[in-house]
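Protein chains: 2
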Amino acid sequence: MSKSELNLTPVAACAADPVVRDPLTPTEAVELAAVFKALADPVRLRLFSLVASRAGGEACVCDISDGVEVSQPTISHHLKVLREAGLLTSERRASWVYYRVVPEAFARVSSALITESVHA
Amino acid sequence: MSKSELNLTPVAACAADPVVRDPLTPTEAVELAAVFKALADPVRLRLFSLVASRAGGEACVCDISDGVEVSQPTISHHLKVLREAGLLTSERRASWVYYRVVPEAFARVSSALITESVHA
Numbered sequence: 001m002s003k004s005e006l007n008l009t010p011v012a013a014c015a016a017d018p019v020v021r022d023p024l025t026p027t028e029a030v031e032l033a034a035v036f037k038a039l040a041d042p043v044r045l046r047l048f049s050l051v052a053s054r055a056g057g058e059a060c061v062c063d064i065s066d067g068v069e070v071s072q073p074t075i076s077h078h079l080k081v082l083r084e085a086g087l088l089t090s091e092r093r094a095s096w097v098y099y100r101v102v103p104e105a106f107a108r109v110s111s112a113l114i115t116e117s118v119h120a
Numbered sequence: 001m002s003k004s005e006l007n008l009t010p011v012a013a014c015a016a017d018p019v020v021r022d023p024l025t026p027t028e029a030v031e032l033a034a035v036f037k038a039l040a041d042p043v044r045l046r047l048f049s050l051v052a053s054r055a056g057g058e059a060c061v062c063d064i065s066d067g068v069e070v071s072q073p074t075i076s077h078h079l080k081v082l083r084e085a086g087l088l089t090s091e092r093r094a095s096w097v098y099y100r101v102v103p104e105a106f107a108r109v110s111s112a113l114i115t116e117s118v119h120a
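From first to last, the protein sequence lines stand for chains X and B.
Going by UniProt numbering, the residue at position 71 of the first sequence is 71; the numbering climbs one at a time, nothing skipped.
Going by UniProt numbering, the residue at position 25 of the second sequence is 25; the numbering climbs one at a time, nothing skipped.
Mixed in with the good hints, there may be bad ones.
All copies of an identical chain are treated as equivalent in the list; a pair is satisfied when it fits inside any one copy or across any two copies.
Below are the SDA-like pairs computed for lysine to any residue, each with C-alpha atoms no more than 25 Å apart in a straight line [claimed, not checked]:
#, residue 1, residue 2
1, Lys80, Arg93
2, Lys37, Ser53
3, Lys80, Asp22
4, Lys37, Ser95
It should be emphasised that the hints constitute simulated quantities derived from the structure, not laboratory data.
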């Protein structure tokens, strides 16, 4: 799923969102469910969290392997799933691949679920 | 998963969260992945959205059946999954069951993923 397909909401729009948004359309629900599916695996969620918690929201794959008890190919597979879901971007620099959180993707997930009761 | 097991974060804490949070622990990741799994189905996500978009974050099951092209037993199953994930509560009043969004559950999901890049 590409960024444009996700119709990403600017981060700054968060505070200005209407307190009650319209229900998701079937198409929006399919797109968003795919993002949640990418986050629905504990190892994948930890890897995402490890990237997100680094200063600048960026981490080298060499930094995030420590402390995760799965093989390097499995880590690479999970990072690829997160990238394909639009949650991370990656960039190769010299020998290492660096992963970065896509803040707009998170804003889209948040704004899709923000309700009056959350704001109240 | 119960509310206490989720160690829910108060909604008001959102704005005061540190800009970079610690990575999720393995236990937190397992708990949170279960919440994302509940939201990772398009029909379930639409049902959640239909409840969340109602004024007061509450809806009668009779209100949210319209426009969702699945059978009533399937709707009931999906609502049960959302309830078991701590995202909805339910209450029977006369002949109908009413579902309500649990705002703390959403705040927990949001705060677990908030990063410096999102706030920047």
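Here's how the hints hold up against the structure:
no.: 1; hint: Lys80 <-> Arg93; in the structure: within (17 Å within a copy, 47 Å between copies)
no.: 2; hint: Lys37 <-> Ser53; in the structure: both (21 Å within a copy, 22 Å between copies)
no.: 3; hint: Lys80 <-> Asp22; in the structure: between (32 Å within a copy, 23 Å between copies)
no.: 4; hint: Lys37 <-> Ser95; in the structure: neither (30 Å within a copy, 35 Å between copies)
In this structure, the one hint that does not hold is number 4.
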